[in-house]
Structure formats: C-alpha cells, structure tokens
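Novice: Residue numbering for the sequence shown follows my numbering, starting at 182 and increasing by one per position.
Note that these hints are calculated values from the structure, not bench results.
Mixed in with the good hints there might be a few duds.
In silico BS3-like pairs for lysine-lysine, Cα to Cα no more than 25 Å straight-line [said to hold, decoys possible]:
no.	residue 1	residue 2
1	204	297
2	287	297
3	301	204
Per label pair, the in silico range of CB-to-CB distance [what the hints assert, rightly or not]:
no.	residue 1	residue 2	range
4	230	205	27 to 33 Å
5	217	307	15 to 21 Å
6	207	314	31 to 37 Å
7	289	232	14 to 20 Å
8	286	310	28 to 34 Å
Just so it is clear, CB atoms sit at the ideal spot from N, CA and C, and this is done for glycine as well.
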Amino acid sequence: MKAEEVTVFFYGLFMDESLLASKGIRPSRTAIGHVEGYGLRIGSRATLLPSEADRAYGVLMDIRAEDARALYAEESVADYVPESVRVVLADGMRESAVCYNLPEGKLSGANPQYAKALLKLAGSLGLPTAYLDQIRQQAL
182 MKAEEVTVFF YGLFMDESLL ASKGIRPSRT AIGHVEGYGL RIGSRATLLP SEADRAYGVL
242 MDIRAEDARA LYAEESVADY VPESVRVVLA DGMRESAVCY NLPEGKLSGA NPQYAKALLK
302 LAGSLGLPTA YLDQIRQQAL
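Could you build all of it, start to finish, from the sequences and the hints given here?
Specialist: Below is the structure:
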C-alpha cells in the first residue's frame, strides 16, 4: 500500500469496482474478507451494526485517502462515519481497515431494490451462500 492510500472495508454497493471506477476510484488491491461481530442491516442504505453472533462479508480495498474522503462526502452517504475494524481474509490473516458505517439512529426505511442489487453483486463476488440468504431476507 502506498503512503497516501487507506485500506477500506466495503460491504455495500461500493464493493463494485466498476461503480468505483465510474467515480474515478481505482483500488490498487482488493481482497474478499469478513468482519466478525457485525451484522448487515439494510434500510434506505446498508450499514453494519455491532452484533456478537454475526459476521459481515465484503471487499477490502486499498484506495487513495482523498478518494475515500470524497466518496463519503457525497450527500447519500455523508452521514456515514469511519471506524476501525479487523478484517479476516480468505487465508485467515487479519488486517486492520477503515469501515464507514451509518449510525444505528440514522438507519431508517427499507430499500428492496438496493437489497436486490447488493444480492446480485454479493453473488457475483462469490460470497457465502448463508450470507446471500441473509441479504435475500432483507430484500423481501
């Protein structure tokens, strides 16, 4: 990772490298992983909430720090706050990352279209079937 980069754990539609590329963001590294002790919740947008029994999957990416700041300055995600997480990679190694989450008090509504798009993306990334089932339940 270059000095001006930050490692970010994405769990929603920002896992889509083509979506990021459309915003001028090109990760220098990507890896599938998960964070333990967090559960995915989908309201009008997605967030991870602390939940001891859960595990949330996503993509670890090294991106430019300025790109991360600009991405989360967009109006639709401006309420998200960065927090440190430990990501477990496929080989069992653990890595620190920043994860942007919507505070629970700001989670509202439902967005079946978002959940369906996330389900399709998560499936294309090869995330576990049990996790896809969790997303599918939130798409109903």
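Novice: Indicate, hint by hint, whether the structure satisfies it.
Specialist: Right, here's what the structure says about each hint:
Proposed proximity of residue 204 and residue 297 is supported: the alpha carbons are some 22 Å apart, at most 25 Å. A hinted pair counts as satisfied when its Cα atoms are at most 25 Å apart, and residue 287 with residue 297 qualifies at roughly 21 Å. Taken as a hint, the residue 301 and residue 204 pair is honoured in the structure, with Cα atoms around 21 Å apart against an allowance of 25 Å. Our hint of 27 to 33 Å for residue 230 and residue 205 holds, since their Cβ atoms are close to 30 Å apart.
In this structure, residue 217 and residue 307 meet the distance hint of 15 to 21 Å, their C-beta atoms being roughly 19 Å apart. Separated by about 32 Å at the C-beta atoms, residue 207 and residue 314 satisfy the suggested range of 31 to 37 Å. Under the hint 14 to 20 Å, the C-beta atoms of residue 289 and residue 232, about 18 Å apart, fit the expected range. Take residue 286 and residue 310: their Cβ atoms lie about 32 Å apart, and the range 28 to 34 Å holds.
Violated hints are absent here; each numbered hint is respected by the structure.
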